[in-house]
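From first to last, the protein sequence lines stand for chains V, B and A. All residue numbers in the first sequence are consecutive under numbering that gives the first Met the number 0, ending with 260. All residue numbers in the second sequence are consecutive under numbering that gives the first Met the number 0, ending with 322. All residue numbers in the third sequence are consecutive under numbering that gives the first Met the number 0, ending with 271.
Because the hints were derived from the structure by calculation, they are not lab data. Don't take each hint at face value.
[What the hints assert, rightly or not] To list a few chain V residues with every Cβ distance to chain A over 10 Å, as calculated:
| hint | residue |
| --- | --- |
| 1 | N6 |
| 2 | R8 |
| 3 | F22 |
| 4 | D95 |
| 5 | P101 |
| 6 | A128 |
| 7 | G140 |
| 8 | I226 |
| 9 | A242 |
| 10 | A250 |
[Stated by the list, open to error] Under the rule of at most 27 Å between Cα atoms (straight-line distance), these lysine-lysine pairs were calculated in the DSS-like manner:
| hint | chain 1 | residue 1 | chain 2 | residue 2 |
| --- | --- | --- | --- | --- |
| 11 | B | K302 | B | K255 |
| 12 | B | K221 | B | K250 |
| 13 | B | K221 | B | K255 |
| 14 | A | K33 | B | K111 |
| 15 | A | K183 | B | K68 |
| 16 | B | K221 | B | K170 |
Since the model is a prediction, treat every value here as computed from it, not as a measurement. The beta-carbon is built from N, C-alpha and C at its ideal position, and this holds for glycine as well.
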Amino acid sequence: MNSLATNLRVVRALGMRSIRQTFRRPQLMAPIIVFPTLLLAIQTGGAGSAINLPGFPPVQSFLQFMLAGAMMQSLMLAGNSGGIALAVDIEMGFTDRLFAAPISRFTIVLGRLAGTAALGLFAALWFLAIGLIFGAEIESGVPGALIAIALVTTCALAVGGIGAAIALRTGSASVVQGLFPLVLVVLFISTAFFPQDLMIEPAKTIAEYNPLSFVVDGIRDPMISGISGSETLDAVLAIAGIAALGLVLSARALRHRVRTG
Amino acid sequence: MPAIVVEGLERAFDEVFAVQGVDLAVDEGEIYGFLGPNGAGKTTTVRMLTTLLLPTGGRATVAGHDVVKEARAVRTSIGVALQEAALDPLMTGRELIRLQATLQGIPTAEGKRRADDLLERVDLAEAADRRVGDYSGGMQRRLDLAAALVHEPRVLFLDEPTTGLDPVSRKTIWEEVRALNDEGTTVFLTTQYLEEADQLADNVGIIDSGRIVAEGTPESLKAEIGNPHIQLTLDEGSIARAEEVCGGIGKLLPPKDGRTVLVEVENGAADIPQVVRALDEAGIAVESLELVRPTLDDVFVEKTGYHLEQEEEESPEGEPVEA
Amino acid sequence: MEASATTAGAGAATALPTWRANAATIGALISRAKNELLRVPGAAIPGVLAPTIFFLGLNGVFGALTHLQGFTTGNYESFIVPVSMLQGAGFTGAAAGVNLARDIEQGWLDRLLVSPAPRWVLLAGTVLAASARALIPATFVFGMALALGAGWPGIDGLLVTYSMVAAMAAVAACWGSMLALHFKSQSAAPLMQAGTMALILTTTAYAPLALLQGWLQDIAWINPVTQVVDAARQGFVGGVTWAGTWPGIVALLGMLTFLGALALREMRRTAV
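All chains should be modelled from the sequences, with the hints used to inform the complete structure.
The following block contains the structure:
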């Protein structure tokens, strides 16, 4: 049985590889940052008048409202990207090399998730900077920013687990890549881009129960108002739920892959 | 009038010259073999002659038309089967040839008739309505060749037509090339296989590092080299001593691998006893001994200092056809 | 007597007149393009999926915008459906560029380039195939919008919208083809798709011009695709007029001319 120290060393080594891979290929990173930024700019300009609608939460600007949604979109794409990278490793036979090594199999997944978490952190910092540059204030100041960053990074980790599970199950990068539209669908039926009360049915009802809505609201809350313990807690619980799902699916997919090759 | 005339043809990619001043002429009705290792400049030369690549120096005419100034006229006169069989896996063989006919401006009914004839000719009639993606490598090459012939071109360019094929498929392609040539088609064939150039070509141009290093009929090129050589296969540990002994009898040639010694001898088979005696007296055991007459590889070695066949063995594609 | 397009080799005494040969070649290339739809299971799905998701998503999320003063209609489905149809056209055109890049990587384009067919004919085949193919996602999105309550645009409105969709697909195909011929690689695909998406969304896609904010209002004002969006939207939010249509036609012709010229230049630079 591998010691905890050994496993941590392995996770660190694979994590560093994953992070290097992620940041050495700007052409792969670009869609994760550029596409959400473009959409943020367009939606802020296109639907910005919405803050004048009765019932819209009191915000400084539509940009301030939308930042959380952009971060959410970015971390979801990062999770998808991590899954693609793992699937490529499987297709190229690199994971076989890891499976043949005397290491805990799950460290292979955890190492991959490190890259996803790093992307999530980068996305959080990027959009906070964008917001500040274009005049959107963080109402709760530094503590609020830190909460947002922590939630985005841990959610990236959790979503990455689901991406990894799909990669392990299918072993195909093109299948994982094909799930990109699903990312958009899931975001549209959450409160990523608009307040739930002002959405149109059935999106409105779905958004009420969508776990991503809790995460987005938890990220958004410190930006547009003071820190609310309940919003933050709801976000943490939602992330824990997604992480648990990712963990279970990854473990099963890993067992399946090791058994069937 | 020659079918192809090339004068000082050059192609540079930034600072690298892939083709440096190539001169050659191919007569009507000739099969010209363009022989050289991977990276020698064969495909670059073909791409310039088929108007796919702009030369950076020199000039060339194909079927009487300048490849730069009269590019479109060149394209009406040539058929091309490139190194990568450029086929659409979703099309059937019949659809592909009909499309090629349309691209050449051939009316639909005539295009259909020619497609049927060509598919029959290259033995693909039965597979004609199957998707190209399901064809074997040999079938794809035959289809590519058929597509290149649909408009009955005056000059046919074949860029490594048998690379990656099994020996049986290779021989089939050779037979077809000979048949086309018998009908009057000029063929410009690039290859990295000595056997192919030797078997098919009326004239051979050997290219290395972008330059023609030798040109002539296969027989005249081999005659230039002159003497046969003795090929000895020995234990690795005996090589150095054997080279010392043989060097005193004839001229040592670059070895093919770590277990052979090649020595050129003036008197052919008559020199064999002397070599055997000398090795025996030196206590060197010989695993095998063979008298080898000059080949195009020898010509290549003479001109470049290394074996083309070594490149062939190292090439990941294809295997030499057995003589 | 018309000059022949080809003076084919030894045996061809029956070459077609130029215009017929060119038309036949374009037709053959369009026919080849349809193979992917008909012979690859599910090939049509991605092209339909993206605009559908955007239509349903934007409608569900931003539908309440119609309550804003100055919004030109109370029905957001009607407002947004032409945008989604044009988005489908954009994705289809970009996909044509990706397919061309794949053809370049696999050597298929060389087969076309060594033929005597003029370069503009080869490009026209790709572009017109995209125009035709764009009608599929457009029809799917339109059908769904009607089912969800979008207003019927009238025959004239529908004709104008579909014409704009077909022409927009051609514009996107010229853009995608230009990038494909320049980079000669499918890795340029994100640029093709992002370009068309940005072009279509930086318009009056979300809201009328007066309700757009800051920089987007400025961009939309000068973006020629805004004229296309507004022209395509006419039947859905009011009625079709010549005054509302001709700016869209001019914008499309301008973009087709500009991007088509760039694509043709790249095609000519790809070989001799």
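Hint by hint, here is what the structure shows:
| no. | hint | in the structure |
| --- | --- | --- |
| 1 | N6 | holds, 37 Å |
| 2 | R8 | holds, 35 Å |
| 3 | F22 | holds, 18 Å |
| 4 | D95 | holds, 27 Å |
| 5 | P101 | holds, 38 Å |
| 6 | A128 | holds, 18 Å |
| 7 | G140 | holds, 26 Å |
| 8 | I226 | holds, 26 Å |
| 9 | A242 | holds, 26 Å |
| 10 | A250 | holds, 31 Å |
| 11 | K302/B - K255/B | holds, 16 Å |
| 12 | K221/B - K250/B | holds, 17 Å |
| 13 | K221/B - K255/B | holds, 18 Å |
| 14 | K33/A - K111/B | holds, 20 Å |
| 15 | K183/A - K68/B | holds, 25 Å |
| 16 | K221/B - K170/B | holds, 23 Å |
Checked against the numbered hints above, the structure breaks none of them.
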